[in-house]
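Each chain is listed here by its residues.
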Amino acid sequence: MGWIALKMLVGDRAKFLGIVMGLTFAALLITQQGSIFCGLMLRTCGQVNDITGADLWVMDPTVRYIDDVKPMLESNLYRVRGVEGVLWAVPLYKGQARVKISPEVATGRRAAVIEQVILLGLDDSTLIGAPPPYRVLAGNLRDLRLPDAVFVDSERLAKLYPNEDWTQIKKEGKTFYRRFLRRQLEMNDHRAVIVGVCEATRTFQTNPVVYTTYTRAKNYAPQERKILSFVLAGTQPGISPKVIADRIRSQTGLGAHTASDFAWMTINYYARYTGIPINFGITCFLGFLVGTAIAGQTFYNFTIENIKQFGALKAMGVTNVRIVGMILLQAMVVGLLGYGIGVGLAALFGWATQGGELAYFTPWQLLPITAGSIVLICVLSSLLSVQRVIRLEPAIVFR
Amino acid sequence: MMVAEEHRAPAAVARPLDEAGVRVAVRIRGLGKHFGTGEQRVQALQGVDWDVFTGQLTMIVGPSGCGKTTLLSVIAGILDGDEGEVSIFGEPLDRMSDRARTRFRTTNIGFVFQQYNLLPALTAAENAAIPLVIAGWRRDQAVRRATEVLASIGMGKKLASLPSQLSGGQMQRVAIARALVHEPRLLVCDEPTAALDHETGQTVMQLLRDAAVRPDRAVIVVTHDNRVFPFGERIAHMDDGRIVRLEEQATSRPNFSDFSPLM
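Here the protein sequences line up with chains A and B, keeping their order.
For the first sequence, the residue numbers in the numbering used here are 1 to 399.
For the second sequence, the residue numbers in the numbering used here are 400 to 662.
Take the hints with a grain of salt, since some may be wrong.
Claimed, not checked - No more than 25 Å apart at the CA atoms, straight line, and that leaves these computed lysine-lysine pairs for PhoX-like:
#1 A:K308 x A:K70
#2 A:K308 x A:K15
#3 A:K7 x B:K556
#4 A:K7 x B:K557
#5 A:K159 x A:K174
#6 A:K308 x B:K557
#7 A:K100 x A:K218
#8 A:K100 x A:K171
No lab work stands behind these hints, which were simulated from the structure alone.
Quick caveat, the model's predicted, so the values are computed rather than measured.
Turn these sequences into a full structure, and let the hints guide you.
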């Protein structure tokens, strides 16, 4: 009876397409909005993920997320180093600085560019926390030790040099970024020289990221008694970083988290305090509702229009179980089609907007969530039809 | 033409097996059925006693609302009576479970509906194959068999046509093929000519007589088209939920000695 159910389904093309479109819309909206939400959330902890090489992040115990910097005394670095199981510990400065770029004759820009940047100060000797070599687009990380040297992130470079011919990137690729080497800029009235350009994950804030050494960052940063933002620590092999984090917490009173935990702390903070999940949740829920309404109503209409045919089938000896099976098969097919097309379109959307301003990340967990939603829509839609057909008296065919 | 007239059908004992192999297909005793309650209550059938015989085309006629369709529905096993007994080929329908009755219908009863009730998305051959598919046949086998039946009733050139591409008469032929494809022992037809013009109606009735009436099969036709009365051997006149008169008439009964199944 399966083929009869499928032929009935596709036989009425308008309704068939209506149901599939309803489900496609729902799947697209849930996946697309879910991906944008995940992309945004991932951006909030982008810097935690970008600063690699450390097992633990140590910070003021009241810090709730990466941008919630609460400076500590530098003596805390030595306290962390003194905890058993800590292999090494280095300082990290994270703060804001104001960059000024003088007018340029070459590009015809007559006004100075003034931009707020995120300044990261890495340990002078080890440069732990620097971008890995494969993310360096121009220059050499070793050059960070040169006087006044800074690395700038490629994503936001256009904010600093808006008059540059950015269309050349497509032609020149990575070599395009070499033109920025040795360019000078002022950071909080101190001279800085760009010695490299690197990739950095876009952050929730839109400011460019500037890397320099910890000592130099102290010069650039406004004068404060406390300057140490975070301590990055490595742990001895064979001991779980979480155990060491517990030790640091109990022995120093500081906050200590693995990179992954700190990233989740950041995500949870933004999820809890910004209302972003509510906004996206509402959109996803609306997609679910609209999908249910369109698919459910069309599916129900489809059943009602075929009610005499279902009655005839029941009269001819088709049991309720088989009729329900037919309806569920129809629901499953439109569900699969709607899910496939919807998720496919969402993926296409993600691919088309790749590298742009839009935050878009589709974790694998989103796919079963969308599938579950579509199944729920199909079940709700077919329940209406199923109960109508089950209650149907086959004698209807003689009326 | 009329050979018998009676207000209550006599008991089945009045019709033993005859020389043509006629036997009781449907036996009804004291059948009653009502719809609604209180002031809305309508007594659709009242103490119906009746026998239907194999090898004959039997008609149920009467004015609208007299209970024809209700009686046909109960005989076909798709509606329960309130009281009385109904047995088909000796099997008591009223004592069967829903599942058993559904199974019984699958193999023993063929249906022809007034509005054909063909599935619009299926071709003529696929529509005619439905009872076999319900009975568990494989699709290709069922369609092959349906094709043969359709060819035998002159629809061989319309096998791949959808119902929307067929005329009313052609659709009713497909419906007849669907009703016969699994060779049921009882064929129930509800107003098979009501949606057809006179000439097509006559053709369809002739086809029904030729293809459906068999010594081991009973055919019951509900109609109020008196132009097709001549096709029936027995006519049960109904009024007010009762069979008020039974009529028998001579027809060009098929020569059962030449009978061979459709396939």
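message = Between the alpha carbons of K100 of chain A and K218 of chain A, is the straight-line distance 25 Å or under?
response = 18 Å, holds
query = Keeping to a limit of 25 Å between CA atoms, is the pair of K308 of chain A and K70 of chain A held or broken?
reply = It is violated: about 72 Å lies between the C-alpha atoms, which goes past 25 Å.
task = Below or equal to 25 Å on CA atoms is what counts here, so check K308 of chain A against K15 of chain A.
result = Holds: K308 of chain A and K15 of chain A sit about 17 Å apart, inside 25 Å.
ask   = Holds or violated: are the alpha carbons of K308 of chain A and K557 of chain B at most 25 Å from each other?
value = Answer holds: K308 of chain A to K557 of chain B is near 24 Å, not above 25 Å.
message = Please verify whether K7 of chain A and K556 of chain B have alpha carbons no more than 25 Å apart.
response = Given pair K7 of chain A, K556 of chain B holds - Cα atoms ~22 Å apart, limit 25 Å.
message = Between the alpha carbons of K100 of chain A and K171 of chain A, is the straight-line distance 25 Å or under?
response = 29 Å, violated
K159 of chain A paired with K174 of chain A [C-alpha distance capped at 25 Å] = 18 Å, holds
task = Would you check the hint for K7 of chain A and K557 of chain B, treating anything up to 25 Å between C-alpha atoms as holding?
result = 19 Å, holds
Taken one by one, the earlier hints fail for this structure at numbers 1, 8, listed in ascending order.
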